[in-house]
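A.B. asks: Residue strings, one per chain:
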Amino acid sequence: MAVSKMPVTSSDHVQGDAHAPITLVEYGDYECPYCAAAHPHVKLVQNRYGRQLRFVFRHFPLTEIHPNAQSAAESAEFAGVHGRFWEMHDLLFENHERLGIEFLFAAVRSLGLSETEFRDALAKGTYTSKIRDDFLGGVRHGVNGTPAFFINGRRHDGAFDFPHLAAAIDSQL
Amino acid sequence: MSQVLSPGTPAPDFTLHVTPDQCLSLAEFRGKPVILAFYPADWSPVCGDQMVLYNQIRPEFLKHGAEVLGVSVDGAWCHQAFAKARNLHFPLLADFEPKGAVSKSYGAYREGDGVSERALFVIDKDGVIFWSYRSPLAVNPGADGILDALERLPS
Chain H
1 MAVSKMPVTS SDHVQGDAHA PITLVEYGDY ECPYCAAAHP HVKLVQNRYG
51 RQLRFVFRHF PLTEIHPNAQ SAAESAEFAG VHGRFWEMHD LLFENHERLG
101 IEFLFAAVRS LGLSETEFRD ALAKGTYTSK IRDDFLGGVR HGVNGTPAFF
151 INGRRHDGAF DFPHLAAAID SQL
Chain Z
1 MSQVLSPGTP APDFTLHVTP DQCLSLAEFR GKPVILAFYP ADWSPVCGDQ
51 MVLYNQIRPE FLKHGAEVLG VSVDGAWCHQ AFAKARNLHF PLLADFEPKG
101 AVSKSYGAYR EGDGVSERAL FVIDKDGVIF WSYRSPLAVN PGADGILDAL
151 ERLPS
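So the protein sequences, as listed, match chains H and Z. Quick note on numbering: the numbering used here labels position 75 of the first sequence as 75, and the sequence is numbered without any gaps. Quick note on numbering: the numbering used here labels position 20 of the second sequence as 20, and the sequence is numbered without any gaps.
With the rest of the complex left out, here is chain H (with noise of 0.2 Å):
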């Protein structure tokens, strides 16, 4: 598989530092019992390789077999535009099960964002533009389910688990 250049921008979610030698690109549905599980795997990575890892996620929502996918994605974005996209994040994931709208203006309840303005939001379909440069630039760069992990832009075919991500790293390190 050839590595395609996937570069991380300013409108992107990033943890870690732009300078880290390793990248860690995730594309995700909130909806996702796989993304779920990889979701803390994630964390143990990012606690292994501290200050040499750098993470971004972007959306990859299968709307067609996950329907409440769209809005998570939707609700994250709209966290993120009042800086708690991580926060926003985790709390998909952890109740990847029960993402309807009552769940969704509750967590942006939960982290004091304004509910109108997310209602409002998801009317207007603001941030359906970023989900789908998201969706077809994955689509592009060879992500082929979820969730899809990229190391340094290369689509890592192994498992999700915390020890098939690290050894995956290890070889690029």
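Among the clues, some could well be false.
Claimed, not checked - Partner residues are not named here, just some residues of chain Z that face chain H (Cβ under 8 Å, in silico): (1) Ser25; (2) Val52; (3) Ile57; (4) Pro59; (5) Arg86; (6) Val139; (7) Asn140; (8) Gly142.
For the record, the hints were derived by calculation from the structure and aren't laboratory data. From the three backbone atoms N, C-alpha and C, an ideal C-beta is built for every residue, glycine too.
With chain H held as given, fit chain Z onto it using these hints.
C.D. replies: Below, chain Z alone, put in the same frame as chain H:
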């Protein structure tokens, strides 16, 4: 190890069941590009398996005027249940009887395992293979190769 048919080869025509009582022929698609996605089996235990992925990306294929068809050796009833469960909007073809005959004609059949290879073909509007790719069975090849090929198709 089978070799999938290469670009420039006319795509072998076929007629396969798409539902228990309807058949579909490749020749019906002459005049528009077709993506043939051979895959081992329905019901693999991941959300984003290949057919789910192509279902989600299908609007992008349609922008190129291309239809996507899935082919495995599963029977039509199995396909019907799988397509319903995954909300698929494109045909799944049953390469069921004779088992794997169409897959074999494309060089995309695994004799020992009795399933189709994970093989992709982009066929141009004149019925000639424009691009083909065989992925390792354990690796979902995604859609980037397909989209690249569709973009390079002469219009």
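A.B. asks: Of the numbered hints stated previously, which ones are contradicted by the structure, given in increasing order?
C.D. replies: 1, 4
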